[in-house]
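**Student:** Sequence:
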Amino acid sequence: DLLIIIGGNTLSHDIGNINYGLSEYQNDAEVSNFIGGIGADTITGNADIDTIAGGAGADVITGGAGADIFNYNVVADSTKDNADTITDFEVAIDKLNLKDIITTDTNGSITDAASLAKYIYAEADAGADTNVKLYIKSDGVSTGTVSDSNADMLINLTVVDATAQSALVAAL
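So for the sequence shown, the UniProt record's numbering puts the first residue at 1; every next one is plus one.
A couple of the hints might just be wrong.
Said to hold, decoys possible - The list that follows gives simulated cross-link-like pairs (lysine to aspartate or glutamate, EDC-like), each with its CA atoms no further than 20 Å apart:
(1) K95 x D112
(2) K133 x D81
(3) K133 x D152
(4) K99 x D152
(5) K80 x D139
(6) K133 x D88
(7) K80 x D148
(8) K133 x E123
(9) K95 x D105
(10) K80 x D125
(11) K95 x D48
(12) K133 x D105
(13) K99 x D139
(14) K133 x E90
(15) K95 x E123
(16) K133 x D148
(17) K80 x D152
Rather than coming from a laboratory, the hints here were simulated on the basis of the structure.
Using the sequences and the hints given, assemble the complete structure.
**Tutor:** Rendered as structure tokens:
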């Protein structure tokens, strides 16, 4: 099933229950695909494999246990001024789907770490062992690498452990 949220709401899908305030969604254990609206949504998945798209606005997203997929469809889904926060990103199993965001027409395809750096830059927050800021330039940069000043997107990740945070930053 698919649940679409009309902006600025809280959705919690925990142990088979959706706490949304709408009776038709109570105790619906089948919903594991969530699409937020244009407001700042709070979305919480469950132990299943969730597919979550926060939509526009500064969303707070928790995938829960399981291999989750966080979809980003347009740059406006997580801008530098209204960045999403994913609270439980597990580097080994969770995925960020940016295929509709990254356009390689101008600055070439992504084949290695150097070409990836034209599109994505990961920065560990100072003093926070598990926080990573993921800066994204959807059309890439022709020279140099992506930085906080030239990116058009920002996704804040809280990774589950400091070792994973270091590995993620090193990989990007």
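**Student:** Work down the list of hints and note, for each, if the structure agrees.
**Tutor:** Here is what the structure says about each hint:
{"no.": "1", "hint": "K95 x D112", "verdict": "holds, 18 Å"}
{"no.": "2", "hint": "K133 x D81", "verdict": "holds, 13 Å"}
{"no.": "3", "hint": "K133 x D152", "verdict": "holds, 13 Å"}
{"no.": "4", "hint": "K99 x D152", "verdict": "holds, 15 Å"}
{"no.": "5", "hint": "K80 x D139", "verdict": "holds, 16 Å"}
{"no.": "6", "hint": "K133 x D88", "verdict": "holds, 14 Å"}
{"no.": "7", "hint": "K80 x D148", "verdict": "holds, 9 Å"}
{"no.": "8", "hint": "K133 x E123", "verdict": "holds, 5 Å"}
{"no.": "9", "hint": "K95 x D105", "verdict": "violated, 23 Å"}
{"no.": "10", "hint": "K80 x D125", "verdict": "holds, 15 Å"}
{"no.": "11", "hint": "K95 x D48", "verdict": "holds, 14 Å"}
{"no.": "12", "hint": "K133 x D105", "verdict": "violated, 25 Å"}
{"no.": "13", "hint": "K99 x D139", "verdict": "holds, 12 Å"}
{"no.": "14", "hint": "K133 x E90", "verdict": "holds, 15 Å"}
{"no.": "15", "hint": "K95 x E123", "verdict": "holds, 18 Å"}
{"no.": "16", "hint": "K133 x D148", "verdict": "holds, 9 Å"}
{"no.": "17", "hint": "K80 x D152", "verdict": "holds, 7 Å"}
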